[in-house]
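All chains should be modelled from the sequences, with the hints used to inform the complete structure.
Each chain, letter by letter, is given below.
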Amino acid sequence: MWHFKIIILFIPFLLLIGQENNGILFPHQLHVEDMEMTCEECHAGVANADGPSWDIFPKMDFCAECHEDNTEDGDCSFCHVNSDNLQSYNKFWKSSGLDFSHKKHLSGTDDCLKCHSYISDDDGTNYPNVWALSDCQDCHAEMDNGPISHDLAWKQLHGSEVNSNTSGNCALCHTNNSCEECHQLQQFTPNVHSVDYILAHSFDAKVGVAECSTCHDIIEDCYTCHVTNQIMPMNHNFHNWVSAEGGIHIGYAESEAELCATCHIPTEDFLCLRCHRGD
Amino acid sequence: MKKSHFKPIRKHNLSTILLLLIIIINVSNIFGSKLKINFSSSALYPRLSMMDTDENMHWRSLLSYDQKFGSRLGVDALFEYGSENDHFRNPFRVHHLTADVKLWNHQLSIGRLAIWNALQNARVDGARLNINTKKLGTLSLVGGLKAVTDFSDTLFTDNTYFMASWSKGRIGKNLALSFWIKGDVDEINPYAGLQFNTSKFGVRISNALAFDIGETKLNYAKIRLSKRFGDHTVGFGYRQKRFDLWKQFEDFTDLIGISPTITLDVNSILSDNMLLRNQLSYRLGENGKTFLVSSLNYNKLYASVLGGFEGENMEYGIILGASHKLKSPISFGGSVALNALDHGDFAELESSTGAYGWIGWQPKEFIMLKLFGRFSNNSYFKQDGRGGIIINVAF
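From first to last, the protein sequence lines stand for chains U and W. Sequential numbering of the first sequence, starting at 1, is according to our numbering. Sequential numbering of the second sequence, starting at 280, is according to our numbering.
If you are wondering where the hints come from, they were derived from the structure by calculation, not from laboratory data. Treat the hints with care, since some could be wrong.
With a Cα cut of at most 25 angstroms, we get these calculated DSS-like pairs of lysine-lysine [what the hints assert, rightly or not]:
1. Lys579(W) to Lys643(W)
2. Lys452(W) to Lys103(U)
3. Lys579(W) to Lys155(U)
4. Lys155(U) to Lys381(W)
5. Lys104(U) to Lys114(U)
6. Lys479(W) to Lys452(W)
7. Lys155(U) to Lys425(W)
8. Lys114(U) to Lys414(W)
9. Lys461(W) to Lys155(U)
10. Lys155(U) to Lys103(U)
11. Lys606(W) to Lys104(U)
12. Lys606(W) to Lys579(W)
13. Lys103(U) to Lys114(U)
14. Lys452(W) to Lys114(U)
15. Lys425(W) to Lys452(W)
16. Lys461(W) to Lys425(W)
17. Lys496(W) to Lys155(U)
18. Lys103(U) to Lys506(W)
19. Lys604(W) to Lys661(W)
20. Lys643(W) to Lys315(W)
21. Lys104(U) to Lys452(W)
22. Lys520(W) to Lys496(W)
23. Lys381(W) to Lys315(W)
24. Lys496(W) to Lys461(W)
25. Lys381(W) to Lys114(U)
26. Lys114(U) to Lys447(W)
27. Lys479(W) to Lys59(U)
Set out below in structure tokens:
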């Protein structure tokens, strides 16, 4: 069972590293610089593309209008890197997870090269490096509006996003200092937890959807508050928490041992050793 | 109980601190550019406290300072001076203070560093070097001493900290490997971590794992799958904080498994100004626990209901909130929360009420003054009502 869990957890990782480079190699330099083609000739409809589901890449028939001679003998490798696993640009784009709206960005600037300046150096030997982090920062660092991911739900969800992403995502615009600069400056405004959170926090700590450790440290926050204020968890007050037969604390200790260990260390806790002598 | 981790307090002289700040600001004016300063000061009376204390007023002032010196050097800091409380025993607190130097695409940061990522949070006095390459990704090296949690001594601890992490990828598709060591002179704990985000068949996959090298076991694991259907996002998560612990008290040769938590959430953007969130989580194990939170945001109105079930114990609550900005520089808002814990036959129903209201005045864009009041009817605080003032200034 233990090994099964590890295998399950590693499956997505294997999927990630198992992906081959099976896309299409396309020399933008030749088409844009030398042939002076416009972006919309190949990427028709890009100005209205509102997300990754929009089809903004050319179909093979479109390429064949000029390159019919190159493929008439059935040689797919003129465009496709892996002839045994033919893939299109579109699949790559849809699976990338980017939630980028060309429509919204192009309404502000009609210059594609603002973000895609690198494609003029793309000779087709590699995937074109179509944008860099600094391209996003150039505008978003100065704008009041954040990127499209910072939508209506962002205020509620950004904590768990921070907690589940590698640092590169947020580091587009934010530093490690941004978290506490914003939250500390809120002062006594209960933006994160409700004004009556003191009663509700125990369930959240045990089983909440949000991860407390996004912001909190067990020793720094849980232990410090409970010990300095001499407050035991609510369930410790139950009349049968400890009884002659053991009491209900046994069940909690079996399933929530990590919570017990926040305050209780078996070898040091004198109160526990009255019953649990370790022999 | 654990021994206290508090250390003897080294209080700082206020005049020394003011002198330090004056020097910093003057140096900034002479050599710096792109200066950003936020100042926030507040007072709360009577303070939030569960015990009798000498001080009955809680006050604090925060200064956030961010400045560039040319194109390569930047300084970023967050200072606080405030009353002593249960959490922070030193009135002067340096949350972070870093000098950031750009070396081509790389960055060197020296000072008190804040470290936040999926696997660890730390405040470290030391240095961080980020080596960025286009093809090989980013290598980040951090070394130093962990800052004390209560700022009782702002200079030194004996808790060493080292982290090396490598990451590569772009938004939505990235991979990070980490190795870090934390501990003191008596005990060093090494860990290894793995994080990645990717998408397959339109499903976004996020994962974070931490491995305790010293005890050769998985220490933390989290995976989340989510898929977007138009304006609706459905997510499924699995989280296990620690995989096992030595069985306490009876037989230290046995391990007991820690129960994992699974979550299901649906977030729906119903219109440009309406958001509905539903989150259900369940902790597996003999004492299975369920926790449900549903909330609705509409413009500046907010409503949330929650329910928790744990055997015969139940928790339920409701939160209502609103804020409004007038055409004048006045804005106001507030929230009310009602919660109850029902322990069945074990104990009497415990209920509590909380209310919060504020009125803000913002005569200019860079300054805001806020008066607020809080009321809490519960068995924890010695005083139910309290009020205060907050002044925010952004330069």
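Broken hints, by number: Violated hints (numbers, rising): 4, 7, 9, 11, 15, 17, 19; every other hint is consistent with the structure.
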